[in-house]
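Participant: Construct the complete structure from the given sequences, taking the supplied hints into account.
Those protein sequences? They're chains A and B, same order as listed.
Going by this note's numbering, the first residue of the first sequence is number 1, and it counts up by one from there.
Going by this note's numbering, the first residue of the second sequence is number 1001, and it counts up by one from there.
Treat the hints with care, as some may be off.
[As the list claims (entries may be wrong)] Subject to a maximum C-alpha distance of 25 angstroms in a straight line, what follows is the list of computed DMTMM-like cross-link-like pairs (lysine to aspartate or glutamate):
1. A:Lys266 / A:Glu197
2. A:Lys266 / B:Asp1075
3. A:Lys266 / B:Glu1130
4. A:Lys266 / B:Glu1114
The hints are simulated quantities; they were obtained by calculation from the structure and are not laboratory data.
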Amino acid sequence: MEAIFEPRSVAVYGASRDERKLGHVLLRNVTTGGFGGRVVAVNPGAAEVLGLPAVPALEEPVDLALVSVPAAAAQAAVADAARAGCRAAIVLASGFGETGEAGRAVEQRLAALAGEAGMRLVGPNCMGVVSRHGDGWLNGSYFWRLPEPTPRNPHPRVPPAERGGWSPAISWGPRERPGGVSLVSQSGAFGGMFFAEARRRGLGVARFLSVGNCADVTESDALEWLAGDGATAVVGLFVEAFQDGRRFVAAAERCEKPVVVLKAGKGRAGARAAASHTGSLAGRHGAARAAFARAGVVEADTADDFFDALQALAALPRAGRCVAVLTISGGPAVLAADAAERLGLRLPPPGPATVRLVRELAPPFAAAGNPIDLTPQCPPEGFPPAIAAVFDDPAFDGVLVVNCGLDVPEFGRGVAAAARRTGKPVAAFVLDVPAVEAELAAAGIPVLGSPERAAAAYAAVATR
Amino acid sequence: MRSLTEWESKALLGDVPRPREALTRTRAEAVAFAASVGGPVVAKASGIVHKTEHHGVRVGADVAAVWDQLAALGDGTVLVAERLHGELELIAGGVRDPQFGPIVSIGLGGVAAEVLQDVAFLLAPTARGELDSAIARLRSAPLFDGHRGRPPVDRGQLQRILDAIGGLLVGDPDVVEVDVNPVLVAGGCPFVVDALVVRAR
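Facilitator: In structure tokens form, the structure reads like this:
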């Protein structure tokens, strides 16, 4: 598995001189992404491709063979990589098990060929691998646009004191962003969504593996490796069908890092006919839900939930379920509080010391319950001490921040400073407040797209 | 696919709380058993699925009067059981999932069950504490904890029923599905009132 994520040398089968061919895109991605190791182009019909000398067959082994040839030629390429002694191969070509029985048989032969040579095989029918390599990427994929690489391990995390007890160092510099998100996907196209979301949200990506038809390497193999990977802090999985459900459960139980799962295909359509009441109630998703409960993973219902949870878990330590909703915006804060309660979070009232300080610093009509509404009429210099009092209140494990339209830098600075000092997790929803948002972003506080999504992001880091 | 009879299914579940009941082969046997129960009984046709829809379940009936009819409706035998009065109807079951293997379920039973679909699933065999957290996830969780002065559902006995269902699926690859419907809670104790085991062959 190490040869897949951290190869020192790579070969590209099907490295074409034709810019329109995927094999050309793949070689260009490998050579321009920042991979510093040896790259070999394999093409029997060309002497050189993209300035690299091309060979008709491998003369010496590489760690990772990337196979981008038509399905009919894939077997010969895999056989060549196996003969040369490569440690792993990724077959990006399509036209195998996803097309039917005949394709499945070919796919099984590929896996057997690799297995006999002691070579791991990823795919077929996948988008490849993207992995941090020094200051750049090993881009062994067809993806055209990746996020900016973040500094390696930007948040050195202290080892977990107990299971699920990750806590990031809270000394984020202004240029640092949450990092260490890795994705394993059974869908290649979902990888495109992942990279787009990572760019949009400024998420640091560590690894991406498209496992395709899982002829050999499955989502559980990848999860097991990522559990021990120093660059990975959070693992996301997009799954259509688990290859070996119980093995996944065991791997997730052993993984001390947070795992977020998005499972497609939960609907009733296509569910098998059940002879019993229980069978029809279980549908297609009852067993997966039971498995996720045992495995202790965060289950996302939608793509938005999935990326929100990854963003929150990459940025925030795990914490308890008692939250303060801290705001200057009444209605939206109540929406956040409603969502928090629905998600099983608790909203205790603030302690007497907090109430006293809020009464002192904010106008008399401010609300010192939960939500705690300091109101837009709170003098700017009142925000930092009032906010600090909320963060310091032992009643709260964390804070939801809601600010619609009051772009007072003191508000943002107060939240950022209190979050850094106390280490309590914060998720925020803010609207049209660039100065506040910049303060929150610099402190690594995740800003979500609605009050409800901020509550859900917090719920993802709340321990059950 | 082969559906076992209620009597066979319950026998496979082994030692779980059940009403006093007997599979009777003659009317005289049934009358004698009903007399030994002493109170109202339920008489059920044996060996047909969807007994209730086929009028194969007679509650509080005179066993002597309905025996021949029920025997003819089913396989020639009649199951006679003590009639229990419970405070809560539950549904339990198990199924073999293609990706995750044996799972068991527990949830709210009765007429509302099909509409509300308030059922939690657990991997079988269940791990310590999983039944409690599965029940906590149900909307009907307060009913399990003794709503309006009723006794709480005996979790130990419920666990035994789920263990029996899970054990069947784990131990015999030919068992495809198990329905235990209803599980009637009487005085806090869950009783297996009806059961169905479906085997591949």
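Participant: Keeping to a limit of 25 angstroms between CA atoms, is the pair of A:Lys266 and B:Glu1130 held or broken?
Facilitator: Roughly 22 angstroms separates the two Cα atoms, so the pair holds.
Participant: Quickly compare the C-alpha distance for A:Lys266 and B:Glu1114 to 25 angstroms and report which way the hint goes.
Facilitator: 19 angstroms, holds
Participant: Regarding the pair A:Lys266 and B:Asp1075, is the alpha-carbon distance no greater than 25 angstroms?
Facilitator: 40 angstroms, violated
Participant: Hinted pair, alpha-carbon criterion (25 angstroms max): A:Lys266, A:Glu197. Please report holds or violated.
Facilitator: 23 angstroms, holds
Of the numbered hints stated above, the single one contradicted by the structure is hint 2.
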